[in-house]
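Engineer: In case you want the letters, here they are:
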Amino acid sequence: MSAPHTSPENAKGVTGWLDSRLPVISLMNRSLRDFPEPKNLSYMWTFGSLAGIALVIMIVTGILLAAQYTPHVDHAFDSVERIMRDVNYGWLIRYIHSNGASFFFLVVYIHMFRGLYYGSYKKPRELVWMLGVLMFLLMMATAFMGYVLPWGQMSFWGATVITNLFSAVPIVGDTIVQWLWGGFSIDNPTLNRFFALHYLFPFVIVAVVVLHIWALHVVGSNNPLGIDVKSARDQVPFHPYFTYRDMLGLAVFLFFFSLFVFYAPNYLGHPDNYIPADPLVTPPHIVPEWYFLPFYAMLRAITFDIGIPFTSVVFIDAKLGGVLTMLGAVLILFVLPWLDRSPVRSGRFRPLFRVCFWVFLVCCVFLGYVGARPADAVLLGLPLQWFGLLATAYYFAFFVVLLPFVLPRVEKEVELPASISEAFADGVAKKKRGKGAEEAKA
Amino acid sequence: MRNRFASRASLTAPTFAATVMVSLTSTVTVLTLMTKKTATMATVLIVVLPLRSLQSFLIQQRAVNAGRTALLMVSPTLRSFQSFLSPQRAVNAGQANCLFQRLTVKVTAMAAVSMVVLRAVNAARTAFLSRKLTATAAKIAAVSMVVLTVGVLLSPDKAYAAGEGGKKPPRQSWSFNGPFGVFDKSAAQRGLQVYREVCAACHSLKHVAFRNIAALGYNPDQVKAFAAEYQILDGPNDEGDSFERPGLPSDKFPSPFPNDNAARAANGGALPPDLSLMIKARAGGADYMHALLTGYRDAPAEHEVGEGLYYNPYYSTQQLAMAPPLTLDLVEYADGTPATVEQMSHDVVNFLAWAAEPEMETRKATGLKALLFLGALSVVLLLATRRVWSRVE
Chain B
655 MSAPHTSPEN AKGVTGWLDS RLPVISLMNR SLRDFPEPKN LSYMWTFGSL
705 AGIALVIMIV TGILLAAQYT PHVDHAFDSV ERIMRDVNYG WLIRYIHSNG
755 ASFFFLVVYI HMFRGLYYGS YKKPRELVWM LGVLMFLLMM ATAFMGYVLP
805 WGQMSFWGAT VITNLFSAVP IVGDTIVQWL WGGFSIDNPT LNRFFALHYL
855 FPFVIVAVVV LHIWALHVVG SNNPLGIDVK SARDQVPFHP YFTYRDMLGL
905 AVFLFFFSLF VFYAPNYLGH PDNYIPADPL VTPPHIVPEW YFLPFYAMLR
955 AITFDIGIPF TSVVFIDAKL GGVLTMLGAV LILFVLPWLD RSPVRSGRFR
1005 PLFRVCFWVF LVCCVFLGYV GARPADAVLL GLPLQWFGLL ATAYYFAFFV
1055 VLLPFVLPRV EKEVELPASI SEAFADGVAK KKRGKGAEEA KA
Chain C
2 MRNRFASRAS LTAPTFAATV MVSLTSTVTV LTLMTKKTAT MATVLIVVLP
52 LRSLQSFLIQ QRAVNAGRTA LLMVSPTLRS FQSFLSPQRA VNAGQANCLF
102 QRLTVKVTAM AAVSMVVLRA VNAARTAFLS RKLTATAAKI AAVSMVVLTV
152 GVLLSPDKAY AAGEGGKKPP RQSWSFNGPF GVFDKSAAQR GLQVYREVCA
202 ACHSLKHVAF RNIAALGYNP DQVKAFAAEY QILDGPNDEG DSFERPGLPS
252 DKFPSPFPND NAARAANGGA LPPDLSLMIK ARAGGADYMH ALLTGYRDAP
302 AEHEVGEGLY YNPYYSTQQL AMAPPLTLDL VEYADGTPAT VEQMSHDVVN
352 FLAWAAEPEM ETRKATGLKA LLFLGALSVV LLLATRRVWS RVE
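If you read the sequences in order, they're chains B and C. Numbering-wise (my numbering), the first sequence opens with residue 655 and increments by one. Numbering-wise (my numbering), the second sequence opens with residue 2 and increments by one.
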């Protein structure tokens, strides 16, 4: 952020008085009105702002819910039912909050895959990307703890499975688990602390969002061509071009969001979570929410110990292996900017990367499918877990083999366009020509 | 997987999933590859078709096919496709054979998915000849989406067939299904009678208050009289004693047992679950409940039924501790409806569906307004955005 500059038009009056003392007006002006964006941004660049709005929706509905919710094992389930039945529009607020989590993850996943495809994590945007990964981790923790709060069967048993993962840590594992639980089993202290943290984390995310946007506004947005902005002709101001476009994105987003909130509010949930938590009855399948399924599949894909073959020496047992794999799948994203060695950002000009990317995407979706199926499921006569392991292997190979070692050696990049404005003008001209040809035909 | 994809709206779930996938895929594709053609298509998808289906729906009469209307709002493409393929079916689907119906829906859904996706890809390709790369990417995305959709479509059946849990409950045509679904109040009133005279002997309904039944069409006096027929344990009074008093509309339905242990002790160790949320708390929802209540039969020879348990193919373990609860003429309906097992089950499921989601009618009505508004807003913003961007050279 450069030194506060006071432009002539807001130097006068109340805003001028305020702005010369605390330059919030010029800050807003600079970052939301005049901020220059590459003019060739596609609609894939809408999902960042959507994620921000989803976060606001979650915080607002969350605060309203917290005003009515009771974080106690004896009352949590009933207090949620009271919200659904007796609080004015409580059902609406709760359904927005519960489906909002899914849609938040959906837009964040699209946002992340967009960043991956167009190389938005590359120099000079490494920090923007890393802050994003940090937010993703915080989101996962928040979503997990939030799912525990209604204290249904899936809440309880999901919490049991996930917190038990920490027991895989050598030596201190069991101590960590007891510390998380606040006792020797999941009980009231667990619910209390999860509620406290579930309320805290979103505000931590807000802080990271501020850093994320700050860092982004220092280096500027990437674009579908992945080439640097070379002159002012490559850019258009944020308002009105992107304010309009983001509003359009929001309206379409809310349309699909409403389909779920009003017509299938429990479709993304699990019926078992309408059964009060019972520590004595284990549900037949414990499945996490859909947005965790790929990671859950990775956790379950590791069914073997790692040690010296043909001896009983085990370095990493299957459980720890699974936990490390799942954790590694997220943590590896932090170092992605240094794993990808290609100087070309956009996948559009990287024919081989593009293929690897789409396979990667399909693998992630497939892992989601594997995570949703029972552990003993079968595909084409073979255990589904094997395919899960295969997809997991590709997930990691993409980052540690393909990006740093294979692609730089074998890929021949397509020639990059000279500038954003030229490519954009070409596009506009082609569109016009196409229209002219259509009209001539008619 | 079974539970995930077979939630309350169980049997419309695959079609619903397909529809949402189609809509999302086409929107994402349209958004990515915005051209005149694709924009028109998006507009048609979002606005014109729902209006059309709304219109034809109003002509068709609500009662003909409440179940099928689920498709009308959420899957305009599907619906028009379906009526195109077999117009009679679209009208008569309520009575049609379930299996064949599901098959038709699946095939049309898949056809619709492929067609919409292919159209989007084609439009993108012709409009962006110079940008072959984008088109290829879109094609791959489209293909993977289709694969995913097919996977989603096939999964619930497979999960049921895998034998985890009970037999798949047949699909019923409930008045509360679909985007315009409403509760059948007379059935729910009869269902209340069944709950009260039969189920309430063992099952609580603790989240529902007497005042709530006004929603089933009872006037305030009737609600008061209904509540007063119950004795409610209250207290402590000024002497510190518990006492019984007639129920008030503000009281919840009293539970048959003072606590879970008492309930278990009276039921051979099995705990009769609370019924307030039952329809939402089981995969298959209302269809499952109806199938379970009417599904008791003699166990097949090879099936060994445990001591004190009863065979029922729809139950997750095929045998449960609840004895067949309904028998012919078990209740005498006030409105003279013959009390067959089928009828009583149908009525009590209607009642429980209301008890589980009393907000359902408001929710769906609000949703319609929200969707119409957001659809219109999207179109206006689309036009405005295009106008603003047309200035950029």
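Quick caveat, the hints were computed from the structure, so don't treat them as lab data. Worth double-checking, as some hints may not be accurate.
[As the list claims (entries may be wrong)] If you anchor each label on the Cβ, the simulated ranges turn out as follows:
#	chain 1	residue 1	chain 2	residue 2	range
1	C	A215	B	V1032	35 to 41 Å
2	C	D330	B	A850	55 to 61 Å
3	C	T318	B	D841	25 to 31 Å
4	B	D959	C	E198	37 to 43 Å
5	C	W390	B	D828	33 to 39 Å
Cβ coordinates follow ideal geometry from the N, Cα and C atoms, glycine included.
Engineer: Hints the structure violates: just list their numbers, smallest first.
Structural biologist: 1, 4, 5
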